[in-house]
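Between the sequences and the hints, there should be enough to build the whole structure, so can you do that?
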Amino acid sequence: MQVALQQQDYVLFSEELKKYYPQIYNELSEILSHHNVRHGVLKGTADYWCRDYMPIQVDYDKFVQFRYHPDYLKGYRDYETPTEVSLELAKELTSASIETSPIIADGGNFTFASIKRGRGYTPVVVMTEKVFFENSEVAGENLVYQLEKLFPKHKLLFLPWDRGDACGHTDGILHAVGPNKLLVNLKVYPDKIAARMREILESCFKVIDLELSDYHEYSWAYINMIHTKDVIIVPGLGRATDAEALNHIKKLFPQYEGRIYQVQIPSIVKKYGGALNCLSWSFYKYL
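According to full-length UniProt numbering, the sequence shown holds residues 1 to 287 in order.
Be careful, since some hints might not be right.
List time: in silico BS3-like cross-link candidates among lysine-lysine, alpha-carbon distance up to 27 Å [unchecked claim]:
{"hint": "1", "residue 1": "149", "residue 2": "192"}
{"hint": "2", "residue 1": "270", "residue 2": "187"}
{"hint": "3", "residue 1": "181", "residue 2": "285"}
{"hint": "4", "residue 1": "206", "residue 2": "251"}
{"hint": "5", "residue 1": "271", "residue 2": "187"}
{"hint": "6", "residue 1": "43", "residue 2": "91"}
Treat the hints as calculated values from the structure; they're not laboratory data. Here the structure is a predicted model, which is why all the values come from computation and not from measurement.
Here it is in structure tokens:
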């Protein structure tokens, strides 16, 4: 089954983050080092957002490398890390098998959760329907079939895509809180889309809304956190709601007492529309 967030023990960042945002990188590195979380940098990447162009861990000993060719980089292809670069970097870090796929998809559009029934668990991968738009030359049912072959043990859920969000990722929509539970921030989406998202998610999970006194255009970023087996790091936006988001997340993860932090990254979120999960590539280190 998909490696749970609570099992991931290796975190990588693009060297570009370390180069252009050294203070943020150093703060993240200090937190991870304090809790003995293995981490490092990926050299030779074209931009910061390594979650999107690096492989997806499907199982303990298997990754899938999708084609990173997002439509939002049209006219900015210099920021597109080639698949061969991602593959080479990943092979240097893991001995697990890496299957390549021609499907165009960003890592930020694969959010994992699980459903527990009795003693059994069903892993779930949640995506937005943007994957169908970026692979429009493939019939929808054929694309689903291909994804099911890549994730043979998983249930697939597809959420509507809010066209106002160019990336169409799910890592700013939801975050797993153990089996059967999801933390969401749907209030930043148009009512009709948010209602449909909730309906789909509630068909499988208990949905918990992030408790904020003000839901603003950047509050999705609180969901976009670094989460490993030893530490959780929540993005800070330099707003009054920072403390509210942090306190709610602490309540949801009592087992992480003393191991939940907040790092301020408002300039990155506002300028580029990404946060900590987007900036990191985390996985279980298969030996």
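Hints numbered earlier in the text: which of these fail when held up against the supplied structure?
1
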